[in-house]
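2 protein chains.
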Amino acid sequence: MTDKTTGSPWTLAHRAARMNPSIIREILKVTEQPGVLSMAGGLPSPDTFPIEAMREASAKVLTDSPREALQYAASEGYGPLREWVAATLNAQGQQVTPDRVLITTGSQQALDLIAKVLVDAGAPVAVETPTYLGALQAFAPFEPLFTSVASDDQGPIPDAIRALPHDAPGTRFLYVLPNFQNPTGRVMGEARRQAVVAAAQAARVPLVEDNPYGDLWFDQAPAAPLAARWPEGTVYMGSFSKVLAPGLRLGYVVSPAALTPKLLQAKQAADLHTPSFNQRMVFEVIRNGFLDQHIPTIRARYKTQRDTMAQALTEHMPAGTEWAAPQGGMFFWLRLPAGCNAMALLPKAVAAGVAFVPGEPFYAHAPDTRTMRLSFVTLTPDEIRYAVATLGGVLKKHLFEDLAQETP
Amino acid sequence: MTDKTTGSPWTLAHRAARMNPSIIREILKVTEQPGVLSMAGGLPSPDTFPIEAMREASAKVLTDSPREALQYAASEGYGPLREWVAATLNAQGQQVTPDRVLITTGSQQALDLIAKVLVDAGAPVAVETPTYLGALQAFAPFEPLFTSVASDDQGPIPDAIRALPHDAPGTRFLYVLPNFQNPTGRVMGEARRQAVVAAAQAARVPLVEDNPYGDLWFDQAPAAPLAARWPEGTVYMGSFSKVLAPGLRLGYVVSPAALTPKLLQAKQAADLHTPSFNQRMVFEVIRNGFLDQHIPTIRARYKTQRDTMAQALTEHMPAGTEWAAPQGGMFFWLRLPAGCNAMALLPKAVAAGVAFVPGEPFYAHAPDTRTMRLSFVTLTPDEIRYAVATLGGVLKKHLFEDLAQETP
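Top line first, the protein sequences correspond to chains A and B.
Numbering-wise, numbering that gives the first Met the number 0 puts 129 at position 130 of the first sequence, and it's gapless, one number per residue.
Numbering-wise, numbering that gives the first Met the number 0 puts 34 at position 35 of the second sequence, and it's gapless, one number per residue.
In case anyone wonders, no lab produced these hints; they're calculated from the structure.
Careful, some of the hints might be misleading.
Since the list gives no way to pick one copy over another, a pair counts as held whenever it fits inside one copy or between any two copies.
In silico DMTMM-like pairs for lysine to aspartate or glutamate, Cα to Cα no more than 20 Å straight-line [what the hints assert, rightly or not]:
# : residue 1 : residue 2
1 : K347      : E51
2 : K302      : D151
3 : K28       : E75
4 : K28       : D98
5 : K28       : E67
Predicted, not measured: the structure shown is a model, and the values here were computed from it.
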């Protein structure tokens with residue numbers, strides 16, 4: 000691929016062809032215009048950031064242990080934070096030892112490290128339908144062959160997991176987000192969890208379980224994680240981005256002993272270690288049970304917003320629009336009436352002052368172009384009502400005027 | 000590689016065989032014993048960390064812009080910091096626009112991203128002899144074929160660059176560390192820089208220039224970077240680790256326009272973005288010329304330590320030991336007398352209460368087993384004198400007693 004014409008001396012790696020500008024990023028650029036009420040983002044509400052606690056923790060760390068916080072540190076992560084993670088996960092039903100916890104620079108990095116350690120070019124990697132776009136982006140440079148596992152309102156369908164190819168080259172893993180999935184908001188019930196794990200074990204397809212939203216339940220905590228049911232066959236990922244703040248880039252990955260050394264070596268090669276200052280600061284914030292008080296305030300806030308959006312959708316969406324109110328997390332997932340295309344609708348919505356993310360980019364294959372994702376966490380209830388009413392109006396006009404005119 | 004015996008469902012990627020425990024890490028474990036004076040580390044002195052400035056900056060960021068500092072942010076990095084980097088590099092002779100500056104999670108991450116974008120399995124990648132071990136570790140998982148370019152006390156020899164294979168598959172790049180290289184401490188003079196760039200251009204081998212130590216000169220600033228001489232053929236990397244603090248994990252990579260989008264996409268997939276809080280905090284520290292006052296204090300401190308170690312080596316090393324006093328940076332590079340093996344000497348040194356890093360791991364091929372790296376920046380002058388005297392004693396005993404006994 001050396002360009003002989005311009006004389007560029009660079010040759011790109013083959014995998015670079017699998018790196019592409021994020022469609023969502025491009026969409027967000029369009030939607031980030033003054034005056035647009037955006038339901039497009041994937042950001043937590045900054046109103047939930049515990050700023051005062053962060054300020055105190057940061058000052059304390061830079062007073063009590065500045066030299067350690069500012070120096071190079073172990074690639075595994077800060078010991079007390081790893082212990083905290085293990086203890087917290089064990090209280091939720093896992094059996095984790097701190098030596099299997101690796102602190103990562105956001106859970107996005109865990110996706111990168113997992114793919115680096117497990118994915119060869121051409122090897123099958125299974126994902127939900129639809130799935131988290133950032134995972135597709137993290138895995139893609141390692142050139143997997145994506146398999147989209149048929150999924151319903153609880154996630155992947157067990158029979159579809161059983162049908163995955165598990166002989167050579169073998170599906171390297173199934174990536175699942177059981178709690179309030181991004182983008183669909185769906186949650187996997189207890190029976191489905193049991194069936195998914197049984198199917199994965201039968202198919203000898205290990206699991207990569209991503210859980211950034213699990214703490215953000217509204218009425219009822221989700222069932223025990225898949226990792227608690229098949230620890231040696233599951234890599235589990237968590238994050239502080241949704242319960243504290245994403246700008247610190249702090250996540251973790253818990254792996255079976257068979258994988259821990261390789262993930263650690265990949266981590267060391269990738270960035271030596273996650274900033275020691277950030278790890279100590281977050282540990283200082285959470286060490287004395289802060290999250291037990293803090294997370295319920297996020298739940299209450301997001302639940303109110305969820306309720307507001309649910310009611311507004313019922314009031315304003317035209318017949319034929321489908322959705323289910325999420326039981327936690329940050330997103331509604333809508334399916335528009337037949338004939339609609341969410342991507343085509345977007346410019347009209349932005350022109351009217353509201354934005355959403357079309358569902359298309361979240362599919363590894365065969366996107367359902369009628370889908371869209373709406374975040375309910377960064378707008379106030381009044382803004383949500385106004386934004387949904389506006390979107391409903393745009394959609395009705397699209398359906399009953401624009402599409403009608405196009406029909407001969 | 001699925002283990003049918005134990006029933007593990009995991010299959011490692013082929014590249015995982017190229018990930019290994021860091022030898023240095025293992026060595027450091029041995030050397031980090033109570034009472035051992037270590038010249039083995041690659042850490043800057045924590046006495047140089049501007050703790051008070053960090054504390055003020057952190058408080059200011061969390062007061063003035065907490066929501067931005069704690070929220071998700073752009074993958075490219077914080078705009079004002081990118082502008083600062085461009086302006087600073089331009090003052091040193093480069094011509095950089097902020098849009099080509101990508102902020103990374105330490106410059107280690109830049110090595111990972113560069114390899115991800117440029118290295119195919121089996122493609123040649125050229126390195127100095129010896130070279131920075133962390134670069135070998137970052138590149139190795141992408142399965143390059145390393146070529147060790149013959150090097151002397153100024154770095155790679157131009158004729159050896161000219162001899163690199165540049166037809167298909169072609170050398171993807173030559174990785175060079177022109178200023179006070181880790182591990183050798185050597186610096187490339189003006190004439191050599193010109194010759195290296197001319198040879199690289201003739202061979203159509205682009206350059207990856209790593210510059211973590213360039214500001215740490217003692218008497219004279221190093222000549223203009225290679226990137227200033229061949230901007231379209233050089234990727235340039237810098238870091239805040241040695242002039243501020245490594246624990247914040249803040250580095251940057253400046254790339255020719257042909258590579259910038261791919262590096263950005265790789266960055267986004269790797270960890271979304273470098274912590275916004277850290278970027279804003281560092282920018283707050285440096286925005287008003289802080290480094291102009293701060294860096295000279297580091298230079299003065301390290302120069303005194305360099306002088307102390309140079310004198311101690313002259314006093315205590317046996318005849319036949321070779322070294323050159325470094326003109327900047329953090330390391331002396333020693334070559335022991337014939338018959339010595341630095342790795343074999345290490346346990347004896349540790350038993351006597353001093354530690355160093357053997358040179359072996361820094362070679363991609365054919366290590367010179369007589370070499371060792373000594374850091375002079377984390378010990379006090381008194382400790383340096385004592386440590387070098389002790390090392391000299393161990394070496395003399397090794398040479399004149401142990402080795403003599405082994406000789407029949």
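Hint check:
1. K347 <-> E51: The answer is neither: 41 Å in one copy and 52 Å across copies each exceed 20 Å.
2. K302 <-> D151: neither (23 Å within a copy, 66 Å between copies)
3. K28 <-> E75: Classified as between: cross-chain Cα gap 14 Å, same-chain 36 Å, threshold 20 Å.
4. K28 <-> D98: Between. Shortest inter-copy distance 17 Å satisfies the 20 Å Cα cut-off; intra-copy 41 Å does not.
5. K28 <-> E67: Result: close only across copies, 17 Å inter versus 39 Å intra.
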